[in-house]
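Asker: The residues making up each chain are set out below.
Number of protein chains: 2
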Amino acid sequence: MTRRDATAKKTLAKIEALAKAVVRDIQKKQNPRIEIPLRTLSNITYNARKKIIEMGKETQERSFFNVSQARKFMQTFLVASACKELIETGKTTSIRDLYYMTKHTLGNSKVNTFEEQDESDPIIEDLEVTLDALREELHLFANRKGLMVGPMTIVDSGDTIDLRRQGSGGWGVPSIVEPNVIKFGKHEARYVLLVEKEAVWSRFNEDKFWKKEKCMLIHGGGQPPRGVRRLVHRMHYELGLPVYVLVDNDPWGFYIYSVVKQGSINLAYESMRMAVPRARFIGISSRDAERYGIPEETSIRLDEGDHRRIRQMLEYPWFQDKKWRRELETMAKSNRKYEIEALSRRGISFITEEYLPRKLAEKDWLE
Amino acid sequence: MTRRDATAKKTLAKIEALAKAVVRDIQKKQNPRIEIPLRTLSNITYNARKKIIEMGKETQERSFFNVSQARKFMQTFLVASACKELIETGKTTSIRDLYYMTKHTLGNSKVNTFEEQDESDPIIEDLEVTLDALREELHLFANRKGLMVGPMTIVDSGDTIDLRRQGSGGWGVPSIVEPNVIKFGKHEARYVLLVEKEAVWSRFNEDKFWKKEKCMLIHGGGQPPRGVRRLVHRMHYELGLPVYVLVDNDPWGFYIYSVVKQGSINLAYESMRMAVPRARFIGISSRDAERYGIPEETSIRLDEGDHRRIRQMLEYPWFQDKKWRRELETMAKSNRKYEIEALSRRGISFITEEYLPRKLAEKDWLE
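Chains as they are written, first to last, in our numbering: chain A, 1 to 367; chain B, 1 to 367.
A couple of the hints might just be wrong.
[As the list claims (entries may be wrong)] Only some residues are given here: those of chain B computed to face chain A with a beta carbon under 10 Å:
no.: 1; residue: F65
no.: 2; residue: Q69
no.: 3; residue: L86
no.: 4; residue: G170
no.: 5; residue: P174
no.: 6; residue: V177
Hints are computed from structural coordinates only; laboratory data are not their basis. Each residue gets a CB set at the ideal place from its N, CA and C atoms; glycine is no exception.
Required output: the full structure, derived from the provided sequences and hints.
Answerer: This is the structure we're talking about:
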């Protein structure tokens with residue numbers, strides 16, 4: 001028997017409650033049904049006070065005796081049952097794996113429980129919102145990217161790891177970083193620096209920026225995966241560390257920052273445990289090229305997609321702040337974007353030795 | 001002054017020799033020129049004895065007083081000069097960064113030294129073959145993916161790291177794993193297991209397969225990046241460890257194995273230091289579905305691209321072995337491919353508890 005921690009017990013209880021309610025329906029000779037919170041744009045709002053994207057209260061019914069719902073009803077319980085098995089055996093797996101675990105041909109028919117993974121993935125999301133359990137609590141992991149180093153000792157699945165001694169490699173941030181897996185130990189960190197790109201992370205690590213500055217250095221390989229976002233969230237709330245985000249000066253970089261800050265529309269139901277509304281955008285700002293002498297030949301012209309994205313972002317309620325509007329409008333007007341690497345034109349360690357220290361000293365960031 | 005190790009001194013000497021030869025040309029009032037080995041298909045052969053893909057002896061001349069070569073001539077020395085600076089300061093960087101470092105607008109013209117990175121990347125490759133120096137020896141790193149755990153202590157950039165205690169995260173394999181950066185310490189490993197996918201690696205790590213089996217567990221996130229290939233190569237040759245490769249049962253998986261084994265056509269000049277001709281293909285074999293009771297509904301139908309790829313591979317000199325031909329022909333005939341995850345249909349830990357142990361016990365692999 002695998003040891004089950006408090007979280008596992010809670011999640012198991014939720015799955016069992018869902019199943020028991022359906023059994024009760026059957027005993028009462030009623031159509032078995034479950035209520036699933038709606039994951040549509042219409043059921044999503046921006047909570048201006050909490051500064052995160054949230055799900056509303058709308059739900060839809062999914063019942064067994066309904067031609068258009070029977071298949072999904074069956075699938076929901078197949079996935080729930082597989083997750084129950086995972087939790088009970090103390091194992092975790094990928095959503096691709098779960099698809100294969102639950103794929104069967106039904107009886108002598110040619111019908112499969114799932115035809116493609118794009119059928120099982122939404123069912124997982126349904127289950128997450130219905131049970132109010134993160135995917136990680138269902139023991140499912142996502143693809144992962146991302147590395148971390150810094151002045152902190154952690155315990156990962158029972159192994160004590162000193163993130164001050166991870167060489168050039170770094171510790172790979174797992175997809176599941178819940179408190180039962182990753183525990184924070186002794187640390188001297190003053191803040192968290194989340195950089196968009198692995199190559200930039202390597203520059204900061206090689207220059208031992210995290211040692212001089214006493215910061216946790218983490219990257220997410222572009223749009224940070226769930227594990228990285230959740231870990232940054234935990235360091236912010238549990239350890240009280242401010243979070244700085246360093247991304248390319250382009251609409252995609254701003255969007256990455258925006259997701260770290262208030263969550264994404266797709267995963268609105270997870271904002272509570274992923275988003276960091278007080279995350280600070282430390283660069284690259286649209287005015288940095290001038291301030292830091294980055295020559296124009298290192299810039300890239302905006303394309304139509306960039307302009308469309310900027311117009312979109314200007315309409316988001318969370319980009320209504322005056323400073324953010326100026327930032328976006330400056331970019332659109334200059335018709336120029338800059339990758340973080342453009343700073344290397346000023347010298348290979350310009351970014352770690354001059355750019356970021358000055359930015360921090362001058363408190364030159366946006367929230 | 002940064003400490004320079006033997007490799008750095010050797011590479012610096014090569015760059016200086018290249019430059020001095022050109023200076024001599026100028027002093028003799030000759031057209032300055034360099035000889036660059038040809039990186040074309042015509043200059044690539046399969047060495048059947050060594051079982052690796054190799055570059056031939058053909059070269060091309062690149063001279064300064066030649067309208068079609070002057071620009072590339074200038075670029076070659078710009079890149080060489082930047083690499084010299086990197087080596088002298090003991091720093092490493094990405095090829096994207098190098099592009100920005102060397103991008104200038106020439107005088108009052110509107111002409112840039114490089115317009116796009118796709119101009120600087122081939123120059124780097126030219127320089128590698130001309131100097132007979134790996135990109136890593138020029139202090140340039142590539143994008144990286146890949147994690148490793150296992151019964152071994154390593155030293156990475158001066159930090160001692162116990163790969164037996166890396167939790168669920170794992171140690172991120174850096175792009176540069178040359179002996180001056182990564183040193184192997186005490187180990188009890190009996191072999192190296194290279195798996196194609198991160199999610200599968202996580203399954204093996206969670207089940208502590210590497211502990212029971214005493215193997216180094218490494219993945220490359222699809223086609224393994226240079227760092228992973230080079231590290232596997234080093235463990236094979238320096239520590240005498242056999243290498244097993246576990247990939248999807250599809251043409252792409254077989255191709256990944258093939259590159260690990262004898263190198264790729266694109267990077268033929270690096271096979272000597274990357275390829276592992278005795279690497280063993282442990283699965284998923286086209287006959288495993290039947291042998292291991294993997295139901296057909298977990299398979300995927302081959303598409304036209306798959307069939308084209310199979311026909312192509314059947315023509316490669318290194319796939320002429322009878323057993324490999326049977327493997328490829330079985331796949332084509334069955335019209336079916338299987339992802340590694342399809343094994344999960346037999347149980348979540350079927351792969352670590354039954355499939356791989358039996359494969360190894362029965363010596364059921366291809367070389």
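Asker: State the violated hints by number, sorted upward, taking the hints as numbered earlier in the document.
Answerer: Those not satisfied are hints 1 and 2.
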